[in-house]
Amino acid sequence: VKAALFSIVPYVGQAEHGTWPVPARIYSSEVAGRSMEMALEQYELADQLGFDWVTLAEHHFAPLSLTPNPMVMAGAVTQRVRRAKIALLGATIPILNPVRVAEEFAMLDTLTGGRVVAGMLRGTANEYVTYDVNPAESWGRFEEAMALIIRAWTEPLPFGWQGRHYRFRTVSIWPRPVQEPHPPIYMSASSPEAGEFAARHRVSIGFAFTTLPLASGAARHYRERAAACGWQPAPDDVLYRVTAHVADSDEQALEELRASGADTPRRGFSGSNRPLDDAVAGAGYYGRDAANQRGRIAAHTRPIAERIEQGALLAGSPDTVLGQARRIRDELGAGILEVVFSPVGRERTLRAIELFGTGVLPRLREL
Amino acid sequence: MGSPTSQEDHAGEGPALVHLYDAGDRTPPHDLLARERQVISFEMPHTAATMLGAVSGLGIDQFDLMGTSSGATIALSAALTAPERVRALVLESPATTRPPAGDPELEGALSGLQVPVLVVIGTEAGPIAAETGRTLKQLLPNCQLLYVYDAGDAVAADRPEAFAEAVSDFLERHEQYVVSRRSSVLFP
Chain A
131 VKAALFSIVP
141 YVGQAEHGTW
151 PVPARIYSSE
161 VAGRSMEMAL
171 EQYELADQLG
181 FDWVTLAEHH
191 FAPLSLTPNP
201 MVMAGAVTQR
211 VRRAKIALLG
221 ATIPILNPVR
231 VAEEFAMLDT
241 LTGGRVVAGM
251 LRGTANEYVT
261 YDVNPAESWG
271 RFEEAMALII
281 RAWTEPLPFG
291 WQGRHYRFRT
301 VSIWPRPVQE
311 PHPPIYMSAS
321 SPEAGEFAAR
331 HRVSIGFAFT
341 TLPLASGAAR
351 HYRERAAACG
361 WQPAPDDVLY
371 RVTAHVADSD
381 EQALEELRAS
391 GADTPRRGFS
401 GSNRPLDDAV
411 AGAGYYGRDA
421 ANQRGRIAAH
431 TRPIAERIEQ
441 GALLAGSPDT
451 VLGQARRIRD
461 ELGAGILEVV
471 FSPVGRERTL
481 RAIELFGTGV
491 LPRLREL
Chain B
28 MGSPTSQEDH
38 AGEGPALVHL
48 YDAGDRTPPH
58 DLLARERQVI
68 SFEMPHTAAT
78 MLGAVSGLGI
88 DQFDLMGTSS
98 GATIALSAAL
108 TAPERVRALV
118 LESPATTRPP
128 AGDPELEGAL
138 SGLQVPVLVV
148 IGTEAGPIAA
158 ETGRTLKQLL
168 PNCQLLYVYD
178 AGDAVAADRP
188 EAFAEAVSDF
198 LERHEQYVVS
208 RRSSVLFP
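Chains A and B, in that order, give the protein sequences. This note's numbering runs 130 ahead of the 1-based position in the first sequence. This note's numbering runs 27 ahead of the 1-based position in the second sequence.
So here's chain B without its partners, still in its complex pose (with noise of 0.2 Å):
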């Protein structure tokens, strides 16, 4: 496990979203999610706990929580070790090396997580991948489930506008980003 603050990197004013990726992932779209937030990204490897210490350490006690592929998982723990903590979570291509299903204590807390997620899936990622954004979507509560057309696994990298798009929105109006507030009025 690293030093977080030789791992941490910041962009962005405002509401702080707090990124855990892998090194080997390729370049997340921060400069467009830090329009209009901070963003703290850490690589991993990091557990839940390390990562909540680190963004204490910051002095930051509430934050939006986003995880790709293996980062997902911590995110997910975090989460679930720290709810008051995270206003909303984002999941990118969850690994999951052990599926929800199946493990009665995890599906019982995943269950009883209120906090907002947002699963997102790339439409070429695979049957995999998909499947295990529906175990998550059954078992959240409060859990929307996004695919991103054209995208693999590293759907932020191979689509970045539409990623952080969709990403803004949900951080921002939670499950209500589902109503559109896209005008369609062409000349007034």
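Chain A on its own, in the form it takes in the complex (with noise of 0.2 Å):
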């Protein structure tokens, strides 16, 4: 098994919250750039550690998130993490043009002579009203917007696109990425239409903002649709994200993650905004499992250790956390286990890195 760590790179100061978007009334610009600042720490200490891969994400309009293109911060991580892949989950592809996506995804690979991993998001609900995008075609724009970014990528000539959603007369991206064919490819598949779709297109998978029993579930639906298709996924192509605190005891780890208000997390996009929330899942949005689709982000504001149970959350000494990585890894197999440290002040989480670093991940690699 596989690490990687993620950090949505989050405002570290007061914010208001309960709400989306958020007002900037009490916004400091010195509170952001040193949020984004620890960020780069975290990420430059994982990749000493030996940490796989690097993981940004894109989120807009909230202080849960400081990259709302994380092309931009990738490019910044390029100059710190010197060995680690870098992965971006994602870009949220219907929202953006595909052919700047495909070129920034180049830039990046290029910059990292090819440790550039692709991620391709449809977002979270909310992120449709950013652009002014209707959720009614976020599946019909993602399932072109990819199809064009990967012409793209691989199109030596200069080509015209003529499709639903998108058109360009003539298209012909410099830089080019560095991986042949193109970067790893990876979308969410918590919902069935997902799944179903990254078989039928051999596209790896990741599980966000989900239960273990959820993921398990729809990752043998993706596992079943590919045998049917006529592949077999490796371990490497299932992801799954995780929130962890790690301490040189439990009692030590679970005080913490206590004392940092854990046990009362707050809702970040959508689920701040029902209104919102209703408008979107109404449009379709949300698919036909929209019930367990709508309930399983939720499952993150239940207490520790419903979290715990439900594999949401790995809380412990490293001997602990390795059984509970373990248990993911049977229940689910995924072969990349993505950690977002969780956020107990920055010295905390430093040492809760490096303890994952040093005390799980050399036995992760060996489950």
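Calculated from the structure, these hints are not laboratory results. The structure displayed is predicted, hence computed values, not measured ones. C-beta atoms are modelled at their ideal positions from N, C-alpha and C, and glycine is treated no differently. One or more of the hints may lead you astray.
Going by beta-carbon spacing under 8 Å, a handful of chain B positions derived as facing chain A [as the list claims (entries may be wrong)]: (1) GLY153; (2) GLN165; (3) LEU166; (4) ASN169; (5) TYR176; (6) ALA193; (7) TYR204; (8) VAL205.
Cross-link-like lysine to any residue pairs, in silico, SDA-like; alpha carbons within 20 Å at most [unchecked claim]: (9) A:LYS132 with A:ARG457; (10) B:LYS164 with A:LEU287; (11) A:LYS132 with A:ARG495; (12) B:LYS164 with A:VAL301; (13) B:LYS164 with A:GLU285; (14) B:LYS164 with A:PRO286; (15) B:LYS164 with A:LYS132; (16) B:LYS164 with A:ILE303.
Assembling the complex is the task here: the two chains are given apart, and the hints tell you how they should meet.
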């Protein structure tokens, strides 16, 4: 099992919450700068400790994440992370210009000598409001955008694209990706539609903001569909993202989590704006498994013990966390465990990363 | 070879667009293309000479020329025979029974053809179609390669509106069709 360190690059100061979009009345540019530096520090430490990947994401209009364009942040990360792969999970491709996304991934692949992982996601429901895109067209735009990005990466001659949602008369991107034929693609596969699409297109999958039982069911569905399409996903084709806190003892880890307010987590995005989420759901965004898709994010606001039980949180000493990680490997078969270290204060978080890197990571590889 | 008069069909008014296609091809979007032009369609089989003769017989000297599948091979051949008569050439899913690459004489002829060419390939048509498109794009000095998303070999039948929009725009503006004229103004 490989390990990734994910940071959503949270704003570490006071901000309003319980709403989306979040007003910036009490915003501090100094705090924002420090928040970004703290994330870069985590990525750099993870690279030194031997994490296989560092991961960024795209979210808009909220202090929960300061990387509305993760490509920009990744440009900075390329100068600090010299060995690990740099994963972007994702680009939220239905709300972006796909040609621009292809160019940005190719730039990052060139800057890293071929260490970019290209996540292509549909994003949380609220992202459709960000750039005024109709969520009813999310899937159509997603499928076409991915096809166009792959074409832009691989087509050697200038070409035009006459799509349903996108039209470009001539495309010929520079630079080109380093990886052949193109960087590995990961997409979310929490919904059945997504698992079927990923299986059909031989795309790797990742699970985030979910629970182990839900992810295991979705991964089974993906593998069954892949088999029906004549291929078998490798362990590295399945990534599972989980929050974690590691300390010298179980008691200390739980105490530090409680002290940081982890027992009463906040809803960050669509969950903070019910009318918006209802409208997006009404547009068919969540697909045929809507109840589970809307419910799985809420699982992350449960108490600590329940989240550990659900495989949504790893917490404890290195030995305990290794046991919890083993359960994820056994039940889900994920080859990549992506860890978000709980925001328990700068020093404690760095200590947790170090304990994970030295006490968990070497043994995780042997699972 | 059939008699051209028994197999030709007319629609619309305006500049002439001659279309060479197989009877087996699914219905091409002649209604959409005929909004701004006169579409004269010929079912294959034809040779470049019989088609050129038939168009002359209609009193038409210069025209736009479109070929589908094996019709594209004949259309390309007609453009090489009478380049002064062909304003622009559209090749939909060109079938090359003999790939142009590797034939020095044909390659030389293609590289001298100044007629603007649009090659249209469906993204679901498979690697041979795309490779044929690339070969033509590399040999022809004034060639646009266009992928129509979610279309197979029968591009025009699979995505008629998408096909007709690109073809109409190309026939009107040739290589300048890369410059957008679509307004982004939502409200004045």
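Against the structure, the hints come out as follows:
Interface hint status for GLY153 (chain B): violated, as the beta-carbon distance to the closest one in chain A is roughly 14 Å, over 8 Å. Taken as an interface hint, GLN165 (chain B) checks out: its beta carbon lies about 7 Å from the nearest beta carbon of chain A, inside 8 Å. Interface hint at LEU166 (chain B): violated, since its Cβ lies 11 Å from the closest Cβ of chain A, which is beyond the 8 Å cut-off. The interface hint given for ASN169 (chain B) is violated, since its Cβ lies 13 Å from the closest Cβ of chain A, which is over the 8 Å cut-off.
The interface hint given for TYR176 (chain B) holds, since its Cβ lies 4 Å from the closest Cβ of chain A, which is under the 8 Å cut-off. Given the 8 Å rule on beta carbons, the hint for ALA193 (chain B) holds: about 5 Å separates it from the nearest Cβ of chain A. For TYR204 (chain B), the interface hint holds, since its Cβ comes within 8 Å of a Cβ in chain A; the closest pair sits about 6 Å apart. Among the interface hints, the one on VAL205 (chain B) holds; its C-beta lies about 4 Å from the nearest C-beta in chain A, closer than the 8 Å criterion.
Straight-line distance between C-alpha atoms of LYS132 (chain A) and ARG457 (chain A) comes to about 15 Å, which keeps the hinted pair within the 20 Å bound. In summary, the hint linking LYS164 (chain B) to LEU287 (chain A) is supported, as the alpha carbons are separated by about 8 Å, within the 20 Å threshold. The straight-line distance between the Cα atoms of LYS132 (chain A) and ARG495 (chain A) is roughly 6 Å, inside the 20 Å bound, and the hint therefore holds. This hinted pair checks out: LYS164 (chain B) and VAL301 (chain A) have alpha carbons roughly 14 Å apart, not beyond 20 Å.
Using a Cα cut-off of 20 Å, the hinted pair LYS164 (chain B) and GLU285 (chain A) holds, with the two alpha carbons roughly 12 Å apart. Between LYS164 (chain B) and PRO286 (chain A) the alpha-carbon distance is near 11 Å, which keeps this suggested pair within the 20 Å criterion. Under the criterion of a C-alpha separation no larger than 20 Å, the hint pairing LYS164 (chain B) with LYS132 (chain A) is inconsistent with the structure, at around 44 Å. For the suggested pair LYS164 (chain B) and ILE303 (chain A), the alpha carbons sit about 17 Å apart, so the restraint of at most 20 Å is met.
In terms of the numbered hints stated before, the structure departs from hints 1, 3, 4, 15, listed from lowest to highest.
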